[in-house]
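K.L.:
Can you build the whole structure from these sequences, using the hints too?
As they're listed, the protein sequences go chains A and B. For the first sequence, UniProt numbering puts the final residue at 461, and the numbers step up evenly by one. For the second sequence, UniProt numbering puts the final residue at 1007, and the numbers step up evenly by one.
These aren't lab readings, by the way, just hints derived from the structure by calculation. Quick caveat: nothing in here was measured; it's all calculated off a predicted structure. The beta carbon of each residue, even a glycine, is placed where N, CA and C say it ideally should be. Accuracy of the hints is not assured; some may be wrong.
Covered by chain A, according to a simulated footprint, are these stretches of chain B (three or more residues, beta-carbon under 8 Å) [said to hold, decoys possible]:
hint: 1; stretch: 587–599
hint: 2; stretch: 617–629
hint: 3; stretch: 670–679
hint: 4; stretch: 783–795
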Amino acid sequence: MKTLFNTSINALCCIIIISMFSCDSFVEVDLPKSQLTTPTVFEDYNTASAALLNIYSNIRDAGIFTGTAVGISNQLGNYADEIKSSESPTNSSLSFYKNTLLPANTVISGYWNAAYNQIYAANGIIEGSAASSNLTLDQKNQLQGEALFIRALVHFYLTNLFGDIPYITSTDYKENSTVSRKPVAEIYGKVTTDLENAILLLPVQYQGQERVRPNVLTAKALLARVYLYSKAYPEAANASSAVLNREELYHLESPDRTFLLNSNETIWQLQAGAAGRNTAEAATFTFISIPPPRVSLSSFLVDSFGAGDLRRSLWIKAVKKNTSTFYHAYKYKENNSTAVSKEYAIMFRLAEQYLIRAEARAYQGDLIGAKEDLNKVRHRAGLIATSAATQQEILDAIIIERKWELFTEYGHRFFDLKRKAKLDIVLSGIKPGWNTTDNLLPIPQSEFSANPFLGSQNPGY
Amino acid sequence: MNNFSFYKDGKGLYCLFFIWLCFSFSSVYAKTTVRHSTIFTQQHQIQGTITDGLNPLPGVTITVKSRLNSSTISDYSGQYTLFSAPNDTLIVSFIGFKTALIPIKSRTNIDIQLLYDITTLQEVKINAGYYSVKESERTGSIARITSKDIETQPVTNILATMQGRMAGVSITQATGVPGGGFDIKIRGQNSIRTDANAPLYIIDGVPYSSEPVGSFYTGTTFPTLTSPLNSINPDAIESIEILKDADATSIYGSRGANGVVLITTKKGKAGKTKFTVTASTGTGTVTKFIKLMNTQEYLDMRRQAFINDGISEYGISDYDINGTWDQNRYTDWQKELLGGTAQITDLHASVSGGSQNTQFLVSGSYHTESTVFAGDFLYRKGGSQINLNHQSEDNKFKMTFSAGFNRQDNNQPSFDFTYDARALPPNAPALYNSDGELNWENGTWDNPLRNLNTEFESATNDLTANTTLTYELAKGLSVKSNLGYTLLHNDETRIVPSTIYNPANNVSSAGSAIFLNNTDRSSWIIEPQINWKKDLGKSNLDILLGATFQSQKSQSLVQSGTGFASNNLIYNLAAAKNVRVLNNDQTQYKYQAFFGRINYNLKERYIINLTARRDGSSRFGPGNQFAYFGAAGLAWIFSNENLLKDSSWLSFGKIRSSYGTTGNDQIGDYQFLDTYTTSSVLYGGNTGLSPSRLYNADFGWETNKKFEAALELGFFQDRIFVTGAWYQNRSSNQLVGLSLPGTTGFTSIQSNLDAVVENSGLEFTLRTSNFVKGNFTWITNLNLTFANNKLVRFPGLESSAYSQQYRIGKPLNIALLYDLKGVNPQTGLYEFEDLNGDGSITFPEDRQAMADLNPKYFGGIQNQLTYKGITLDFLFQLVKQKNRTYPMGPAGMMSNQQQRITGSWREQNDIAPYQIYTTGYNDDAMTASYLLDESTGSVTDASFVRLKNISLSYNLPLSLKETQCKIMLQGQNLLTFTKYKDGDPEFLSYGFLPPLKVITAGIQLIF
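P.N.:
Laid out in structure tokens, this is it:
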């Protein structure tokens, strides 16, 4: 027994002495197994891709582009003349319909925060892949190309919604919390640069079977729109031609097939969350009983279609009860899950590229070319060739055509009216709450209190 | 699965009895030790029984005056035998009793009755964690309850045993469903983050993580996540000490900010092998229902609502009033759904004993509790506890081993029926058809009992083991090491079978779902220590140095499975069409510290106690991992001064004070790292990785500075003993989610902010021995706490996410409310104060009225009366507080209301306390009703006085010498006196079952 005691004393003494002198490295823990640190994520292409894909699911589910009721497809439809709201008075989106937005609106802060969160994630991809030592050059190009595209896309929409905004290119929160608003022209310049860089990095072929990750032509399609919005018509025509010339990839489909998953008109679409799921847009816009639970299409839109327009008969559905009739957008038809997914939300499609080139050509004086492109879209809708003859007539016809073709898709109608300076002309008559300063959304009020360097609120708020 | 359960049909109980039988044969061994002293044969043998006037007293030391080195100890039946010279004197001493000097006077049979000595309560050694201290000499603030108070309570959670018994400790029960949790705050809320205010729990020296083990996907029965604390078995506990001030907690450094709960399990005592078997059974029912409308009042309200809204035709779905449902039918849904009786049974058995050198205790327990809900649900808990002490012949080496293993099996509906019971229209249809099937009344209602099919099952295994080795190197110098290990495993499932849906919806088992959660947690700790005690003549010096190394690993996996071929396969995840991992988390926490204590005691009058700790934790960023904490405590026992020493009235007097720092590291693991976490949203079935948070290396401790001053006075041999303490704790460097501009990609970052929260208060305890004479004693204990909580500083509060939650200078637990003016007699609508005068009630401008939801004061008063073998012990708990009324929604819709709502506004110029009924079409009334729930009208006095615990026990006067039999009657929450109208006033969140009223009867056998 005695020896046992002695042993234990010695052991105890040892423990105490060791512990007194042991270094502080004891509290260094292994990196968490269930979470990956940034360098680990970019050690492997699969995890790096997972981080990238997460941005797309985020784009699909939250913020500006989501197909749920808070996304701009619905809200800017309310805000302009496409949609009539029947939401309850407490719903924060009713103020879009009434054009009575306040800086505290949660949908607005949702746009802002989700957008910059998506930009943060994209910057994380750019920084992480650049620092990676394991990824191949091709893999880095793919990741960075897509991330640059995302960064450009989100900033492009932000500047069109909010005007002057900060352009964020790093993940450093200390730097990003003291940024200031930059003029729209500067944002356009940076969006263009990012897209040009993305075009250098991205391949033509899609990753995987479905067109759910942007390729180089998606970047060009966005670039064509950016040039159009910034009135750089030759460049816009060139960029859209680059897409339109890829006839082996893209062609216009008949209106009943346009929004299907395998449509060859699709340039880039957002994959559904799981096999069998379809779009959130279908749930947002369609209804089976009246009064409509959320929104219905406005008479300004429904009544404007010409006779025989297949888009009026195939992309819009009437719901009747007694004497009243309400219409809903019916581009996406599958409100529920199906055995196999049938529809994905389409972010970019070919018809828009025809209309971009038509407009760009018209501005450059190529009226024949412009009409040719415009008629491509009209013929597909079952309409005869346009009767517009002068440049102005053609330009006006294109804007109307865009209204019919692109309704309830990512705020096209609102942005068209805005870039053409027609918001006041079109909306003041039919929307009692409309003010000239409503061309910009208010920047979330919390931004100014959290960042004193940001600048001042948009006029009118 | 349950068919193989160890506890099924009480198999565990058989095992227990088997163990007990085994030990019972070995009692011969134990007996020999007591007779040890008979070697010293003398000419005169004396024997007798030692009692306290009634009960035999085991373990009493009997010494012969002329030969102080020979002594004996009374056995369990209080009997002793020794040899002595016939003219010698016996010295009979026992803790808690006055030492008696008995001249032998040649007698051979001396029965001795010892007198209680209340003064010696001051001699009790109090566990202070790394050291123990005599009650009279402690410099810190330590509250304590012992097994005597715990055993009188028919409860399963250790936090329940402390309710109302300790000053400064506020405990609220979250739900009456067995297996649910409690909220504990020791001296108030220190951290702005509401989930970072848990104290540190230490069981026999091993830190026990109280972090929740459940998941929100599975544990929907409870308002909070499953707390592991239910695993601790109150029967196995000897004492619970709560360390409150800096002097007591600073030695726990970064983990001591919210106080420390020290749990000590029962140990064996030398002497004859002792068997204790306790069995009890009882019932639990809901304490209080809300007074709701009956059918007539309800239908009257509905009709009026339609009239008010100007609707002449009832809608097709207004089944309650359009003739679909029987309008003469009345069901008291609270009685129907919550009015059941929970059956409670509890069995506890222990064997203890040992020699002078080795003592042991083995115990086992088994507890079952059903619910007050309809259906067959059961909570089962069983476990065993082993304690072993050994010391070498020369007393130099000591070893203590203790291990506890507990298992809980909980099966509950994954749904609390309380909400339904209050909301269902009183003329809603019958629950069952005549054939015994659930009645869906042609699809016109969602039968509440459909939720009986959504079962929640939880199984928790919990092991805590600890070994302490001590060796005395030289006189006064000893080395010690504490080695501990904990292991916890928790499995939870929740099923949502298609049978919960109305058959009219035609949901098949393809729509059934299961949610699973597994949590594993293990930790080890090593704490080597050196202790040096030196008697310097007039003074004593006690020095302790030690180190802590602790590591904890946790992992959890949350999964869901949906789409089954049949509901019979629902527990088989492999049979699910879609299986998803919702969360898979593995974390590691490492902690290291060095600590020390110097205690200097001069003439037992002046005591100084210095403690310090250097802590390192892996939870903080590089560079911020280490911090120092320390405290000084002073005490002056002025009653030991010569002037007062012989005072006839003042028996004890002490002033003590302490100041020091502690920290709080309850921030979760890896929060400083910018990691990517698996995202729960999918892109085409692929799991994404999303950035979890921003990188913040400057991530440090919350610091808590504590000050306390206290006075302790004893009068008339401490028959009146009063303590008063004032404390002020300030928590700074608060870890909060600082708001960031959205341009950073995140809206907040966890960061230290120079915000200060102050808790201050007064604590009083009073103990009076009202009557101690002969067979009758009456002792009263009272504790009372007045606590204040205040947010002293919060830079940038206006622009933070907390801007509409906190106010500078006000408590953290406030509600910001619209100010209700009353019902406008013209419009019949609630009206609120329009603070900014813009003509409409807007958030946040007009929601600025304030209500403090912290208790103003709380306490308890306990009386213990003993007459012969009868002991009556009862405790009243009192809480002065405000709380929210139960929100029933706008009156007039298809949902029942409190009966008082019948007094609503009906026509112009009515002066009524409640607004106009509406079926939901009156937008103004709907808005006003919504605002009411966020207004001063929703806060009411919820103070209560509650007969928290009553226990009556009777020791049967058996002629058997070594056998004791006690009959017990115990009650919990039996009476509640309150003005609060919406059910039980004790709750944390709406719509959950309140604490139950429990009555049990039991029997205890000791032999």
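K.L.:
Give a verdict on every hint.
P.N.:
Results for each hint:
Under a criterion of three residues with beta carbons nearer than 8 Å to beta carbons of chain A, the stated coverage of the stretch 587–599 of chain B is upheld, 7 such residues being counted. With 4 residues carrying a beta carbon less than 8 Å from a beta carbon of chain A, the stretch 617–629 of chain B meets the three-residue requirement, and the given coverage holds. With 8 residues carrying a beta carbon less than 8 Å from a beta carbon of chain A, the stretch 670–679 of chain B meets the three-residue requirement, and the given coverage holds. Only residues whose beta carbon comes within less than 8 Å of a beta carbon in chain A count, and the stretch 783–795 of chain B has 0; fewer than three means the coverage is violated.
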